[in-house]
Amino acid sequence: MSSLAKQGSKRYGRELSRYPHYIRKMFDQMQERAQIPAFRSEYRQVDENERYNNPRQWLVQPGDTVMITKGKFAGTLTKVVALQKETNRVFLEQSETKRVVVPKQFWQPGQTSHIIDYPLPQHPKDLKVVGTIVNDDGTEKKIAADKLVFKGEYWDEDYQKMMPYRRIKYNENIIIPWPRPDPVEDCIYSTDKNLVNERTFFPNSIIYSDSPIDLINSMRHPLMKRPYKWDKQYLTKSDIKRLVPPQPLLSDNKKAGILERQQIKENLPSKPLPETINLVGDKVSQFLNNITDPHLAKFINKNSPDYKDPKDLFIEKQKKLYDEKIKENQQLNKIKSFVEAKYKLKRTKNLHI
Amino acid sequence: MESINRVIGSVRLFSTSAINNARAYRNVVNRQLKKPVEYQIGDIRNNRLWVPKEVSKYPAYPYGESRIFKRSDRGLFGGQVITTGNKVSEMGNRTRRTWLPNVISKNLWSSALNRMIKMKLTARVLRTITKEGGLDNYVTKEKEARIKELGIFGWKLRHDILKAREMSNKPLPYKFEGEYKVYYEGTYNGEEIKLIRGKREILKKLFPYVKLNSPEGYSFSTFNIAHCKKSYEELVKECESLNVDLSEVKL
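Top line first, the protein sequences correspond to chains A and B.
Numbering-wise (numbering that gives the first Met the number 0), the first sequence opens with residue 0 and increments by one.
Numbering-wise (numbering that gives the first Met the number 0), the second sequence opens with residue 0 and increments by one.
Isolated chain B, as found in the complex (with noise of 0.2 Å):
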């Protein structure tokens, strides 16, 4: 008993809720966000919208980008900024001085995404790292206060993490039959047929089949909105009523 005792006495009991009442995050309250805009199919586009050209991987953080100390969006720095006080000499002399948060770079793991991430934080983030058990519980937290300190890079990151535990959690959409993936079992012209390519080859294979029947001029693309999202049965059964070659794809 004396022992365990001893061990429970050498650790530092866990008290955060104590710390983040004392830490209002000021920098990154005051941050005066737009508005997000709600627009709809047809709206008149004003010329001044400028239009990006790629979709953004990643939702908008909620607290919007630093003001001050820009590299605070770059790392795990905490809500923690540069900040500014007076160096006080003996005779009572006030110059102007500043303080750098304790920034250290460092490669952490991360269990979600299974790879080691390298990046700069603070030391006092590296502390609540461990004590949330692991970088992937700490930037995952749901209290206001974590999502408020996270910062940019943090909430990028977040996401990625969240991202990947969803597709982990995901059935996978093939079976292994041992070297080969395979992605449907039916029947194919009265015969039993195993697919072991994807949906886009099957495509591929039905898009020339498709095209003939069609008037001039009918692209890939089109062709690939409006069959994309059908599920292998349907696609299978066009396959079969167009009599398509599928000796290439099955197993």
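Just chain A, same shape as in the assembly (with noise of 0.2 Å):
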């Protein structure tokens, strides 16, 4: 197998996602050393699993109008040009960008010099996204959002899937619209939507399978009994029962002693018996009334049953007032309407003679 093949196949190619961490940033590092410095890119990449999928986690899309809040740039509105997966960073129309040499194999169509200005992606996190609202006398508003929330999801014909509305936190009655995404164009080998969509198996049954009987047999060989090595195993019941060993006997003495023990705890009462608590709460009582400091009586009167907090009993005193308030008012409207629509009858009936 040539080195080439062996890099991209799964199987036999150096899969970085089976190693741990550690050992992967020794073989990213080997690959950005082996890079020519123009290729080597200003940011570290991102890991598979902490990279941006969605975009409620990129906020931006391409041909969103931005505005850059860090570096040289700060303060300029420019459009997102396009997404850098590997490192969580968009490029822009107009950024910091870092010179780099270029050898002649990678020249691009129309380039004439060596050395040429690379733009640098930025962070989503450093730009705030511009949108345009609409004011009374029809003038329209640029407005930069600060933060943004996502609520809500509605399907999007452009994008093909579902999208979050994208609103302006603390004013979520505003709503920055997703760009329009360029339109992808049919070539000759794809299929027509509809086709792909068109249904063309229909079960015969629900319990018979139209497969034949040994299509399993075909996929697999059937004596090869063991396990595939990166399946995952569970334990069953028999596994846990050849783990664990059994617990140790008791012996009649160690049962006798147990069950002694039991029917003492049994027979214990569970509530002290009336007398006991009258004895101890004449003592307390008793304690408590000596109490001469008065500091010290007024922290013990806040600690009773019936203590209440004067702050909340002018609340409570308030809240009273403020529902016989509205009591009142309900009244006082009932009896308004029934006014008013009494004599609106009656002019009603004056017109009509």
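Keep in mind the hints are simulated off the structure, nothing from the lab.
Treat the hints with caution; some may be incorrect.
What the hints assert, rightly or not - Partial list, derived from the structure: chain B residues whose beta carbon lies under 10 Å from chain A:
(1) Tyr38
(2) Pro58
(3) Val80
(4) His158
What the hints assert, rightly or not - List time: in silico DSBU-like cross-link candidates among lysine-lysine, alpha-carbon distance up to 30 Å:
(5) A:Lys236 x B:Lys229
(6) B:Lys86 x A:Lys254
(7) B:Lys52 x A:Lys240
(8) A:Lys264 x B:Lys140
(9) B:Lys33 x A:Lys231
(10) A:Lys240 x B:Lys130
(11) B:Lys155 x A:Lys254
(12) A:Lys240 x B:Lys69
(13) A:Lys254 x B:Lys249
(14) B:Lys147 x A:Lys253
(15) A:Lys240 x B:Lys34
(16) A:Lys240 x B:Lys193
(17) A:Lys236 x B:Lys198
(18) B:Lys142 x A:Lys228
(19) B:Lys174 x A:Lys236
(20) A:Lys236 x B:Lys142
(21) A:Lys254 x B:Lys147
(22) B:Lys140 x A:Lys253
(23) B:Lys228 x A:Lys236
(24) A:Lys236 x B:Lys56
(25) B:Lys193 x B:Lys229
(26) B:Lys52 x A:Lys264
(27) B:Lys56 x B:Lys119
(28) B:Lys52 x B:Lys203
(29) B:Lys34 x A:Lys253
(30) B:Lys117 x A:Lys253
(31) B:Lys169 x B:Lys203
(32) A:Lys264 x B:Lys228
(33) B:Lys162 x A:Lys253
(34) B:Lys130 x A:Lys264
(35) B:Lys169 x A:Lys236
(36) B:Lys210 x A:Lys228
(37) B:Lys169 x A:Lys253
(38) A:Lys236 x B:Lys130
(39) A:Lys254 x B:Lys174
(40) B:Lys174 x B:Lys162
Virtual Cβ for every residue (Gly too), placed ideally from N, Cα, C.
Join the two chains, each given in its own frame, into one complex according to the hints.
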């Protein structure tokens, strides 16, 4: 097998996701070192599980007008050109650049010099999304969203997926719509959408499948009983039975002891007797009544179950007054509406006559 | 009275507590054990986890196996292990030497298991066995110090003895009627019946009748799992409904 095929293949190639993170980092560094300086990326590649994969994480999409908040170009309005998925960053129309020397075999059409300005991608957290709102007098105004929230979803025909509503935080009635993506043109090999959605298979029965009986044997060798190395195995009941040794047996003496202790526990009173409660209560009340220190007495009064905070009492009183007022107003309104209705009726009657 | 006093005087008084306090079982208590893992059905099974082929007969010894002097796990050594020290000559020269425990092999009677057990044990343990009044009493004592000095051999023996005692206390599942063991008495198709065979024989008789009324590929093992814990009464009722021939099994 050629080395190129090895690199691409999932079976023979080195799959980085199988290695622990610290070894993965070493491979990344090796790869970085092998590149010529022009193609070395300024920012580290993000792990696959940390990469952004939905518009809620990205906050922006290609075509959005944004305001840069960091660096040399802070304050300028530009457009998002593309997303760089490997680093969780976006390319902008106007942004900071890096001067790189490109070898001649990698020159783009129309390039005349070895030195070019390569745009540096920007992180979406250093951008503010810009939207437009229409004033009452018809003039348009641009606003930059400080923070965004996503509430609600809708089916977007252009993106062909559910997209969240992008709203400005604390002003959630203002929605900044997603930009329209570039239309994808069908090539010669692409299949028609309606043809894909057409249903071609109708099962004859729910119980019996149409597939041949020995289909499974044809897929895998029947004598191969060994489970596949990377398949997940789960503990069964018999596994646990064999893994866990039995509990040690108890001797007759120990069993008798446990029974005795249990009986003693059952015979013990679960609640204190009324006599003991009275005795303790008397003693405690006597002690509390003899307290002379006013601070201590105040503290103890605060901890009694009947104590109520004066603040709470005041709030309660206010609430009561408020409720009474509402009731009064309701009654007044009732009378008012009744009277109004009555007079209206009279007027209409008069008109008819 | 004098004669009695003479007899009592000759017998050594029982005072094991002082000796027990002196023994620290340093070798036993120092053993570091892994914490037992709590497994649950459906947990992901590690590829490196080794699952034994058979269910273990004995519970795990709380102090684990001996780290030094592995011999002590194969007999009753009372927590004794090889010890080291110096041989000091008259000139004060020190040369390293060791002391082994006084190990003897012996056939001892176990009344619970009803047989002789051949084992290796130290003379000290033999002395305590005579004091306790037999091997069974020595092995089944509940004191923590005793469990420390048992070792793996003693722990297994203890489990065997306790199990045998438990079994002997259980009532028999059958009654004797002459030569025959009668497992169940009841009615079968309106007639009195006495079953003289165990459940397994009855299940063997019942299985072909059940198999006729069940889908293809119904094995005895699956049938057995569903039926082995049923009582005789339930099994006889099922036999009655399928009209099973029990003439070979009844008295």
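Hint-by-hint comparison with the structure:
With its C-beta approaching chain A no nearer than about 5 Å, Tyr38 of chain B sits inside the 10 Å limit, and its interface hint holds. Interface hint status for Pro58 of chain B: upheld, as the beta-carbon distance to the closest one in chain A is roughly 4 Å, under 10 Å. At its closest, the beta carbon of Val80 of chain B sits 24 Å from a beta carbon of chain A; the interface hint therefore is violated under the 10 Å criterion. Taking 10 Å as the C-beta cut-off, the interface hint given for His158 of chain B holds, the closest approach to chain A being about 6 Å.
Taking the CA atoms of Lys236 of chain A and Lys229 of chain B, the gap is near 21 Å; set against the 30 Å cutoff, the hint holds. Pair hint Lys86 of chain B plus Lys254 of chain A does not hold up; C-alpha atoms about 50 Å apart against a cutoff of 30 Å. A C-alpha spacing of about 10 Å is found between Lys52 of chain B and Lys240 of chain A, which places the hinted pair at or below 30 Å, so the restraint holds. Distance hint between Lys264 of chain A and Lys140 of chain B is fulfilled; the C-alpha atoms sit about 25 Å from each other, no more than 30 Å.
Of the pairs offered as hints, the one joining Lys33 of chain B and Lys231 of chain A holds, with about 25 Å between alpha carbons and a cut-off of 30 Å not exceeded. Our distance criterion of 30 Å between C-alpha atoms is broken by Lys240 of chain A and Lys130 of chain B, whose separation comes to about 40 Å. In summary, the hint linking Lys155 of chain B to Lys254 of chain A is supported, as the alpha carbons are separated by about 20 Å, within the 30 Å threshold. Our distance criterion of 30 Å between C-alpha atoms is met by Lys240 of chain A and Lys69 of chain B, whose separation comes to about 28 Å.
With a CA separation close to 40 Å, the supplied pair Lys254 of chain A and Lys249 of chain B exceeds the 30 Å bound. Between Lys147 of chain B and Lys253 of chain A the CA atoms are separated by roughly 17 Å; this keeps the pair inside 30 Å, and the hint holds. Our distance criterion of 30 Å between C-alpha atoms is met by Lys240 of chain A and Lys34 of chain B, whose separation comes to about 18 Å. Restraint check: the Cα-Cα separation between Lys240 of chain A and Lys193 of chain B comes to about 37 Å, which exceeds 30 Å; the hinted pair is violated.
Restraint check for Lys236 of chain A and Lys198 of chain B: the C-alpha separation of about 25 Å stays at or below 30 Å, so the hint holds. At roughly 49 Å between alpha-carbon atoms, Lys142 of chain B and Lys228 of chain A are farther apart than 30 Å, so this suggested pair is violated. Restraint check for Lys174 of chain B and Lys236 of chain A: the C-alpha separation of about 36 Å exceeds 30 Å, so the hint is violated. For the hint pairing Lys236 of chain A with Lys142 of chain B, the CA-to-CA distance comes to about 35 Å; that exceeds 30 Å, so the pair is violated.
The hinted pair formed by Lys254 of chain A and Lys147 of chain B meets the criterion: a straight-line CA distance of about 21 Å does not exceed 30 Å. Taking the CA atoms of Lys140 of chain B and Lys253 of chain A, the gap is near 10 Å; set against the 30 Å cutoff, the hint holds. Restraint check for Lys228 of chain B and Lys236 of chain A: satisfied, since their Cα atoms lie roughly 18 Å apart, inside the 30 Å limit. Taken as a hint, the Lys236 of chain A and Lys56 of chain B pair is honoured in the structure, with Cα atoms around 17 Å apart against an allowance of 30 Å.
In summary, the hint linking Lys193 of chain B to Lys229 of chain B is supported, as the alpha carbons are separated by about 18 Å, within the 30 Å threshold. For the suggested pair Lys52 of chain B and Lys264 of chain A, the alpha carbons sit about 44 Å apart, so the restraint of at most 30 Å is broken. Simply put, Lys56 of chain B and Lys119 of chain B have alpha-carbon atoms about 22 Å apart, close enough for the 30 Å limit, and the pair holds. Taken as a hint, the Lys52 of chain B and Lys203 of chain B pair is honoured in the structure, with Cα atoms around 27 Å apart against an allowance of 30 Å.
Annotation: proposed proximity of Lys34 of chain B to Lys253 of chain A holds, straight-line Cα distance about 25 Å (limit 30 Å). A C-alpha spacing of about 28 Å is found between Lys117 of chain B and Lys253 of chain A, which places the hinted pair at or below 30 Å, so the restraint holds. With a C-alpha separation of about 26 Å, the suggested pairing of Lys169 of chain B with Lys203 of chain B holds against the 30 Å cut-off. Of the supplied pair hints, the one linking Lys264 of chain A and Lys228 of chain B is violated, its CA atoms being roughly 35 Å apart against a limit of 30 Å.
Taken as a hint, the Lys162 of chain B and Lys253 of chain A pair is honoured in the structure, with Cα atoms around 15 Å apart against an allowance of 30 Å. Between the alpha carbons of Lys130 of chain B and Lys264 of chain A the distance comes to roughly 35 Å, so the proposed pair goes past 30 Å and is violated. Restraint check for Lys169 of chain B and Lys236 of chain A: satisfied, since their Cα atoms lie roughly 29 Å apart, inside the 30 Å limit. Taking the CA atoms of Lys210 of chain B and Lys228 of chain A, the gap is near 38 Å; set against the 30 Å cutoff, the hint is violated.
Only pairs whose Cα atoms come within 30 Å are accepted, and Lys169 of chain B paired with Lys253 of chain A is accepted, the gap being roughly 18 Å. Straight-line distance between C-alpha atoms of Lys236 of chain A and Lys130 of chain B comes to about 46 Å, which puts the hinted pair past the 30 Å bound. A distance of roughly 29 Å separates the Cα atoms of Lys254 of chain A and Lys174 of chain B; the hinted pair therefore holds under the 30 Å criterion. Restraint check for Lys174 of chain B and Lys162 of chain B: the C-alpha separation of about 23 Å stays at or below 30 Å, so the hint holds.
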